[in-house]
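A.B. asks: Sequence:
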Amino acid sequence: MSDEVKVSDAEALRFHAEGRPGKLAIAPTKPLDTARDLSLAYSPGVAAPCLEIFRDPNLVFDYTSRGNLVAIVSNGTAVLGLGNLGALGAKPVMEGK
Numbered sequence: 002m003s004d005e006v007k008v009s010d011a012e013a014l015r016f017h018a019e020g021r022p023g024k025l026a027i028a029p030t031k032p033l034d035t036a037r038d039l040s041l042a043y044s045p046g047v048a049a050p051c052l053e054i055f056r057d058p059n060l061v062f063d064y065t066s067r068g069n070l071v072a073i074v075s076n077g078t079a080v081l082g083l084g085n086l087g088a089l090g091a092k093p094v095m096e097g098k
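First residue of the sequence shown: 2, per my numbering; consecutive thereafter.
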């Protein structure tokens with residue numbers, strides 16, 4: 002007996018297209034509403050954490066999203082038994098990983 006859940010193509014397409022397309026989003030973790038916020042997030046405020054990380058590379062986890070990100074890279078040549086779908090055709094699978 003298979004544990005595989007059955008879904009229709011129409012249901013899957015609707016799931017991926019409804020609302021905001023895709024399965025992932027990147028949202029700010031700090032306020033970015035004012036000029037001061039932007040100065041802290043970028044220049045000149047970004048210099049302080051850059052220099053601290055240069056002095057102690059382990060601080061990258063304290064001052065950046067390094068510990069919360071992962072990259073999935075694929076040329077799309079072998080996608081879930083579907084074959085070579087190319088990089089764009091493989092994107093829904095990569096988002097799900």
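Hints in this document: simulated from the structure, not taken from any laboratory.
Certain hints may be false.
[Claimed, not checked] Beta-carbon label-pair distances, calculated as ranges:
1) L25 - T65: 14 to 20 Å
2) F62 - A26: 34 to 40 Å
3) A79 - A18: 22 to 28 Å
4) F62 - V8: 33 to 39 Å
5) G23 - R67: 29 to 35 Å
6) D38 - A18: 31 to 37 Å
Glycine included, each C-beta is placed from N, C-alpha and C at the ideal position.
A.B. asks: None of the hints should be skipped; say for each whether it holds.
C.D. replies: Going down the list of hints, with the structure as the test:
Take L25 and T65: their Cβ atoms lie about 19 Å apart, and the range 14 to 20 Å holds. Range check, F62 to A26: about 22 Å between beta-carbon atoms, so the 34 to 40 Å window is missed. Checking the proposed 22 to 28 Å range against A79 and A18 shows it holds: the Cβ atoms sit about 25 Å from each other. At about 38 Å, the CB distance of F62 to V8 agrees with the hint of 33 to 39 Å.
Taking 29 to 35 Å as the suggested C-beta distance range, the pair G23 and R67 does not conform, at roughly 23 Å. Checked against the hint of 31 to 37 Å, the pair D38 and A18 passes, with Cβ atoms roughly 34 Å apart.
Violated hints, in rising order: 2 and 5; the structure is consistent with all others.
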